[in-house]
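Hey, can you work out the whole structure from these sequences and the hints?
The sequence shown begins at 17 in my numbering and counts up one residue at a time.
Hint data in this document are derived by calculation from the structure and do not stem from the laboratory.
Do not take every clue at face value.
With a straight-line Cα cutoff of 35 Å, these simulated DSBU-like cross-link-like pairs (lysine-lysine) come out [unchecked claim]:
1) K18 - K182
2) K18 - K228
3) K182 - K228
4) K100 - K182
5) K99 - K182
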Amino acid sequence: VKRILALGFSPFLILATDSIIIIAMNAVLQYHGGPGYGDTLITCATIVQSYMMLITSPMLGITGGSQPLISFNYGAGNIERVKKAFRLLLASSLVYSTLLWAIAMFLPHVFIAIFTSSAELSAYVTWSIRIYMAASLLFGIQIACQQTFIALGNALTSVFLALLRKVILLIPLIFILPALLPDKVFGVFLAEPVADTIAVTVTGILFLREYKRLSHKKVGMD
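The following block contains the structure:
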C-alpha cells in the first residue's frame, strides 16, 4: 500500500497544487490590480488556468495509459520496448502541447470566445494567455519524463519534479517577479513560463541520466 501511495503521489500533486496556484495568483493580482481592475485580472487568470487544464488533464491521461506498457516491459527486461514506448509517449505529448501552445499564441480568441464576448476583457486575456503559455510547448517533455519515472518505479524523482515546478518554483515566482519587475501584472503571468523552462531543463537532465541507465541495463542483460 505504501508503494502504491508513493507511485500515485506525483500525479496527485500535479492536480492538487493547481488550487494553491490559483489562490496565489488571484491574491497577487487582486493586490496589484486594486478595485475594479483586480477583478478583471482575476477573470483573466481564471480563463488562462482553464486553458492550462486543457493541456495537463489530457496529458495525464496519455501518460497514465502508457505507464502499464512501460512498467510491464521494464519488469520483463525488454528495455528496447520500454525505450520505444517512451519515445512514442514523448512524441505524442510534444505534438499535443505544441498544438495547444500554437492556439494560445496565434488563435487565442477561439478559446476566449467560450468565456466572454467583451472586447475589452478579450484583449486582456489575449495578452495574458500569450505570456502565461509562452513555454507550454515544452510541457510535453516535462510530463512525459516525469510520469515515466513513475512507470520505472522511481517515485521519489517524480515527486521531486512535481514539487519543483509548482511548489519550489512557480508559487514563489508569483510573489517574487512582481516585486522585481516594473510591470507587476506582467510579472505574475511571467512566473509560469519561467518555472516551466527551469523545470523542463532539470527534468530533461535527470531523465537523460535515467535513459542512459536503461541502455546500460540492457547491455548487462545481454
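The hints, checked one at a time:
no.: 1; hint: K18 - K182; in the structure: holds (24 Å)
no.: 2; hint: K18 - K228; in the structure: holds (28 Å)
no.: 3; hint: K182 - K228; in the structure: holds (27 Å)
no.: 4; hint: K100 - K182; in the structure: holds (29 Å)
no.: 5; hint: K99 - K182; in the structure: holds (28 Å)
Violated hints for the displayed structure: none, as all numbered hints are satisfied.
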